[in-house]
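Visitor: Below, each chain spelled out in residue letters.
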Amino acid sequence: MSDRPFQAGGPLLAGSPVYITRKADDRAAAHLRRMEYITLVEPREHGKTSLINRLIGQFSTQGYAFAYRDLMAAQSSAGSPANWYASLGKWLLRQLRFIPRDQRPKPPTDSASWEDFLADVAEHAEVAGQNVVIALDEIGAMPSDWATDFFSVVRSVYTSRQSLPFWQHLTFVIAGAFNPRELIQDDTVSNFNVDQRIPLDDFDLSQVKQLVAHLDLPDDVTEAVTERIHCWTDGQPYLCQRLCLYLAEKEEPVIVSNASAIVDGAVECFFHDDTHHLTRIKDLAADPDLLDYAQRITSEPQSCFNAALNDKHFRLAHIIGVIKAGPDGRCRIRNRVYGRAMVEVEVPSDLDAAKKPQPQSRDEFQYDAFISYSHEDSAWVRDTLLPHLEGNGLRVCIDFRDFEPGVASLVNMENAVECSRKTLIVLTPDWVESEWAAFESLLIQTDDPAGRRARMIPLRLKPCEPPKRIAMLTYVDFIQPPELEFQLQRLVGAIKDIEEG
Amino acid sequence: MQDNPYFHIGPIRSQQYFYGRAKETMLALSLLRTGQCVSVVGPRRIGKTSFLLHISSPETWKHYGFDPSGIHMIHIDCEGLSDLSPEEALYEALGSEILAQLPDISYLTKVVDTDAKSAYFRLRSIIKEFRVAADAGSMVLLFDEFETLARNPHSDDRFFSALRALHTNYSVVHVLATSSPLHAPEADSIGSHFFNIFHQIMLGLFCDDEAFDLIARPAETVGTPFPSEVVKFIHDLAGGHPFMLQVACFYAFEILASKGRFDGDDYATLEAMVTQDQLEPHFEYYWSHLSDEERLVLAKLSTGESTPSFLKRTAHVLRELEGKALIVVQDSSYVPFSSAFAEFIRDRAGRYSVEMGEVYTSLGATQAAFDLKPQEFLHRAREFVERLCQRLDFGLLSQSSLPDSRLSLFTLDTRGFFQGIRLPDTLPLLFIQRDRLLESDMEGVRQYLVDEMGTAHRIALLALLGREPAAERARKMLFDKLRQVYAYDVVLLTADDWLRINVAQDPARELRKEILAYVDLVTTSPFIITGPTTDDIFFGREHELREITDSVGFSSFAVIGGRRIGKSSLLGRLHRVRLPAAGFLTACHDCSTTPGYEDFLTTPIRDWCPEPPPDAPATLGELIQSTPDDKPFVLLLDEADKLIPADRANNWRLFNALRALATSGHAQFLLSGERTLRDALRDPASPLFNFANEMLLGLLDFGAVEELVTRPMKQLEIEMVNEKTIVDSIWAFTSGHPNVVQRLCHRLVERLNEQGTRRIAVDDVNAVIEDPQFQEVDFLQTYWEAASPLEKIITLLLSREARACRLKEARRLLSEQAGIQPSATATKEALDRLVDLRSILKRSQAGYSFAVEAFPRVLANTTTVEDLLEVLVEQYERTEARA
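Here the protein sequences come in this chain order: A and B. At position 184 of the first sequence the residue is numbered 165 (my numbering), and the sequence of numbers has no breaks. Position in the second sequence counted from 1, then plus 4, gives you my numbering.
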């Protein structure tokens, strides 16, 4: 299967068969038709440059001349603003072939000549009946010393369009993992607010399926593989390509019954092989505050995703890319792969130890978790929850195995709660009906009900009206079957979090 | 020469010449006899007035076996009452008519002389006295052309209630003649239970027997009977329309009476005399009062092109046309009521498309069109295009054929056609010599798009000879194969589409609608959400524009306002339109690109209005040295805040120079900016102090918002269901921030585009307003765009308070809830900026409260306030630490 066209790493070229069209493609095309400025603000390996390549392929035959520059490359040749501007100007001119060589404007050397340079280009475009699109990629690499002046000119070009119509022949596509509010860092002028921001959403299930279809598997296997890849990646384009690539290289035939296991194996391979994609998540280790913050807002179900207003949300979502808005507009970890990467982030021990939550010693407790459940739900607890927790090295206290025979149930329960760092409550209508009363008396009788409550983690297995004392706690949701693996992983993380800090 | 027994001018007053309507007459008389009110409904010229005269004639009553004695008919021509004012005058006029038409009014003298309290009481007294004197006789008031009375603004509910009271209390019988049923919407607006008391009698076309009677009998009566072929010819020509029959008979009788016979040529003469000279103005009247849908249906019926599915789809229109007596059922299908009318429709409907229909209608339906040689087809298509251009006032710029394809290409000059919409002034029209689109044709279309469209075009029309469902398949093919790949919209038009466009009252609008129904609305939407507003979407700010235009000859201005509130748009409007029109020469510069003094002086001046003067200074430095003096000169400096820090550090060299120019009267300045400019204007140590009049730019008023919403929507041919409620909702939510309004409208347009509809309802507006993305990105981010962390924190804290807060309370909230203690001055300045620059708060005696009422709700809906507060406090502390 290794001759499949998947590509993980580097942008896709226009016409690539594995390019998956998203809503962003239509929106970008619509804005480009209007010659609006476009910004693509996403983390790396999210498809920005592939989208630019596609626009180039789509529009180049239709009177649009593109000049593309990766500012990461420009940075290395810089030294002074004059060099930087001149290098950029020359690079752009090289691609604007409709301007006769002898009429090419002088490359700019500063912001004033940058405006003159653009005016010359736009006037040439007007005469030639062309539209010029300057695509600046990796804008985060722009030297901050002259970014404000540079973008002030770019902004002014846009706002002067009505008086000076030749400017209508020039537009910009600006891409990178950057905050547009930081392009112009000068309080005395308007910020860079002339762009049309186009979000590159992760693939939905049907788009993942389009990609998986290139594996040429039978329909039912394609469905199974698609679901599993989507379950791990939530449609993150690079991860989808990467997992498909692993599958394409796999010798073992994929059938419905082994599809999940093979995709899971591909995920393991990815974790093993990855050298760069997860780096920005692992780098969170250097910023434990931000890591804490990310974990907090994604575990509290009430956290609204506010990337437009909250700079931390913006950074986590669009620079690092580890969170995104869920369908309910709340913050969530972008996908299970990133969720696992986050769990595995190791904060260096020498890094401001005071800031790290002080772990309670593992030895302080006999068990990591005690599971309180209704016997109506024992099948799920025995077959799914218990093996997973113990498979992750956790010590679990469970009634049928660990309760002392001949001792009152309530006493056993109290001992279990006392001896376990966490108490997991499998929340179902049956639990509320049969177990809550006993549990409540446990909470009331203790000297420290709040402390006991704080150590509880409700697991919502079936929809029910939880008691008020439980309802206020953040729960792990097992109601959506496709989320199961992810939520189990999250649960393990939550239990280990205290343990490992 | 014999007297012509036919009446084609005026109503029939002599009952011997009244024919037909026996059934309707019998019904009317039966109702009147028993004191019931009647409404006579029939289209224009169907004979309502004649019918009223007929049923009010004692001869008619006797003829139908009823006793007319004791019944007094009063005819009221409502034409004369349409503009009477005040309401009293209406009663006065009715009273006078009654007095004038009653045979003996001596018994009413007392009433006439009485100085009654009001005209209504006087009218009532007349009727009461009449009842006493007439000894149980009854009075019938026949209101002809009743609609004209209903249009009088004084004929309101009270007036109609009064008429009903006359019927209920004094047994006055009303007969109304109207052209549409009283329960029709226009009658609804009159809104009175008066209309419940009428029994409706419809006057339609004559049935065949009545028509033959009317044609034959009058001529027979005077001894000059029409030959049977002539009777048949007249019937065919005029159908069952009594007025048209009278006209045709009148002229036929003239010919017959003058020559004593009717020859072969006389048929053509009669047809010409009747249709061209007499009936055509009436046909024109009907045509001009039809809806586009009605025209299309008539056109189809007149050319025999209607299919059963078409008839089924347009059943409601057919009913309307039948009610207007314009179509009849013949051999189980609908046809225009006469051959003359059918001919007229064919002419109107096909004046353009049928004449060119060598290409379209006729050839499109036959194989011949497909067999034409490309040059011949191009020639035919050009005929069509030329007529189309004539009809739509387009120019034809070029034509060509694409080799090895069945495509002929025309480029139309459509200047003004897409006014207000972001579409170019040229429109390519491709003709494809087929009735369906094949995969092989797509290559030609693709080639055309690549080679010809360039950047000058954005949409192309593709004319297909075929009809549905081939057209639907072709549309799908274009969408699937082209829209995903090319940056153009290709709008497919079929013969039916062209026909509809041609018969429309406003064909240009119809074509525009057709195009806008298919193109990507987001691409064409005129709403501006980034950058300054264009001139065609600039509404409101009239007061500011006028004040500046009136005073800038001797005084400079500083326009102060928050981000995206419209400062640059206002400057642009003044620069391009208002100041040049008032005789000023202007130059405009965006100061954000010139950070330093030297940069500013060496900047070339690109933007002059109306045009650069002779020997115009090339740079701003030269301009300051020597300002143009042939016209009063104004320099507009946008983003002027940028100049201030550097100039302050430079001992205000630049602003001192500008101030000197203003003081000496060589030039005046229009500055726009925000906080920094405002602070400098109030700083006595700066040359900007007392330099320019400060003008604060706030939110738009309701009228401007209304225009900003509705005008572009209309330009996009988007229907707004319940427009007032939609505008009210937008106004209530946005509070008139121009950018937020446009963002909301843009989202609406995106929504329509996705749904493939062109109709906005209040639910759509609510859906956008409640969308958290809109609330966060378009609403909060715009209002908060340049707000400092402290301003945002204050807004968040105040949003949780149900009442206005004074400075002291604001400081307490900051301390208790955010844990920060900014100084009183810093807090006061932040509060004032939230009022003056952000327009979020307002001041009142009670303290600071939200001017934008939706703000607290939006914050609560879309944010986790504690979370946001925490981040903002961090930002605030960082800012403070830097300071």
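Note that these hints are calculated values from the structure, not bench results. Worth double-checking, as some hints may not be accurate.
[To be verified] Taking lysine to aspartate or glutamate pairs in the EDC-like style, the calculated list, with each CA pair at most 16 angstroms apart, reads:
(1) A/K4 <-> B/D524
(2) B/K718 <-> B/E874
(3) A/K443 <-> A/E464
(4) A/K477 <-> A/E464
(5) A/K443 <-> A/E357
(6) A/K4 <-> B/E758
(7) B/K718 <-> B/D484
(8) A/K263 <-> A/E208
(9) B/K263 <-> B/D7
(10) A/K4 <-> B/E754
(11) B/K328 <-> B/E288
(12) B/K485 <-> A/D7
[As the list claims (entries may be wrong)] Here are the simulated distance ranges between beta carbons:
(13) A/E327 <-> B/V839: 49 to 57 angstroms
(14) A/E414 <-> B/R816: 22 to 30 angstroms
(15) B/H320 <-> A/C445: 33 to 41 angstroms
(16) A/A63 <-> B/V839: 30 to 38 angstroms
(17) A/G60 <-> B/R816: 17 to 25 angstroms
(18) B/R317 <-> A/C445: 48 to 56 angstroms
Note that CB positions come from ideal geometry on N, CA and C, so glycine has one too.
Visitor: Each of the hints needs a verdict: does it hold here or not?
Guide: The hints, checked one at a time:
1. For the proposed pair A/K4 and B/D524, the alpha carbon gap of about 14 angstroms is at most 16 angstroms, so the pair holds.
2. A threshold of 16 angstroms between alpha carbons decides the hint, and for B/K718 with B/E874 the separation of about 45 angstroms lies outside it, so the pair is violated.
3. A C-alpha spacing of about 14 angstroms is found between A/K443 and A/E464, which places the hinted pair at or below 16 angstroms, so the restraint holds.
4. Restraint check: the Cα-Cα separation between A/K477 and A/E464 comes to about 20 angstroms, which exceeds 16 angstroms; the hinted pair is violated.
5. Pair hint A/K443 plus A/E357 holds up; C-alpha atoms about 12 angstroms apart against a cutoff of 16 angstroms.
6. Of the pairs offered as hints, the one joining A/K4 and B/E758 holds, with about 11 angstroms between alpha carbons and a cut-off of 16 angstroms not exceeded.
7. Note on B/K718 and B/D484: the hinted pairing is violated, with a Cα-Cα distance of about 29 angstroms set against a maximum of 16 angstroms.
8. Between the alpha carbons of A/K263 and A/E208 the distance comes to roughly 27 angstroms, so the proposed pair goes past 16 angstroms and is violated.
9. Proposed proximity of B/K263 and B/D7 is supported: the alpha carbons are some 15 angstroms apart, at most 16 angstroms.
10. At most 16 angstroms may separate the alpha-carbon atoms for a hinted pair to count; A/K4 and B/E754 meet this at roughly 12 angstroms.
11. Taking the CA atoms of B/K328 and B/E288, the gap is near 14 angstroms; set against the 16 angstroms cutoff, the hint holds.
12. Restraint check for B/K485 and A/D7: satisfied, since their Cα atoms lie roughly 14 angstroms apart, inside the 16 angstroms limit.
13. The hint said 49 to 57 angstroms for the Cβ distance between A/E327 and B/V839, and at roughly 50 angstroms that hint holds.
14. For A/E414 and B/R816, the Cβ-Cβ distance of about 48 angstroms falls outside the hinted range of 22 to 30 angstroms, so the restraint is violated.
15. B/H320 and A/C445 have their C-beta atoms about 53 angstroms apart, which leaves the hinted 33 to 41 angstroms range violated.
16. The hint said 30 to 38 angstroms for the Cβ distance between A/A63 and B/V839, and at roughly 45 angstroms that hint is violated.
17. Distance hint for A/G60 and B/R816: a CB-CB separation of about 54 angstroms, inconsistent with the stated range 17 to 25 angstroms.
18. Distance hint check for B/R317 and A/C445: the Cβ-Cβ separation is about 53 angstroms, which falls inside the suggested range of 48 to 56 angstroms.
Hint check: violations occur at hints 2, 4, 7, 8, 14, 15, 16, 17; the rest are consistent with the structure.
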